[in-house]
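Asker: With mature numbering (1 follows the signal peptide of the UniProt record, and there is no 0) applied, the sequence shown corresponds to residues -19 to -1, 1 to 125, in that order.
To be clear, the hints were calculated from the coordinates, so they are not data collected in a lab. Backbone N, C-alpha and C define an ideal beta-carbon position, used for all residues, glycine too. Check before you lean on any hint, since a few could be wrong.
[Said to hold, decoys possible] Here are the simulated distance ranges between beta carbons: (1) N35 x T74: 37 to 45 Å; (2) L46 x L83: 32 to 40 Å; (3) P21 x S60: 13 to 21 Å; (4) V42 x T74: 17 to 25 Å; (5) L38 x L91: 18 to 26 Å; (6) A75 x P34: 34 to 42 Å.
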Amino acid sequence: MVAITKFLWLALTATTATAAAIIQRDVITVQNDITQKIGPSWTTLHTDINAFPNSGLTGAVAIRLDFTTAIAALNTTTSDIKSTGSFAIVSGTAILADVQQLVPTFLAVLVRLEASVVLEHHLRWKGFDFIPAPISRRLHVRVS
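Using the sequences and the accompanying hints, generate a full structural model.
Answerer: Pasting the structure below:
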């Protein structure tokens, strides 16, 4: 009976340690997604948008690719968050801090897109759809 109790206690301890390692890995994955995928992709997008229209067609193509990369990073991170489940308070706070560091970049990109009617005009020439349709509809940017 004592041997069975020790075995069950060992199994419970091993299961708890394994579960903690899996959750920790997922939290690290989410943090890496935010700091190593979302952050750099949106920073690149912001830089390329600020360089446009001086960057010309090359800049427009780069921005289109930047949007694709940024959206893919957001989708990957969202999927990782959904598969991870709930976070502990400390992990959630760390993730929130990572996201808060990116808010100025997000806002700068959105403000630049919304404020620049010239940008929209340059992006629509010759049918080149620069801003993905879902984002364009949300921005309500129109050429006069």
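Asker: Between N35 and T74, does the beta-carbon spacing fit 37 to 45 Å?
Answerer: holds, 41 Å
Asker: In this structure, is the beta-carbon distance linking L38 and L91 contained in 18 to 26 Å?
Answerer: holds, 23 Å
Asker: Holds or violated: 34 to 42 Å for the Cβ distance of A75 and P34?
Answerer: Since the Cβ atoms of A75 and P34 sit about 39 Å apart, the hinted range of 34 to 42 Å holds.
Asker: Taking the Cβ atom of V42 and the Cβ atom of T74, is their distance within the range 17 to 25 Å?
Answerer: 39 Å Cβ-Cβ, so the 17 to 25 Å window is violated.
Asker: Evaluate the given range 13 to 21 Å for the C-beta pair formed by P21 and S60.
Answerer: Holds - the Cβ-Cβ distance for P21 and S60, about 19 Å, lies within 13 to 21 Å.
Asker: Between L46 and L83, does the beta-carbon spacing fit 32 to 40 Å?
Answerer: violated, 20 Å
Of the numbered hints given earlier, the model fails hints 2, 4; all others are met.
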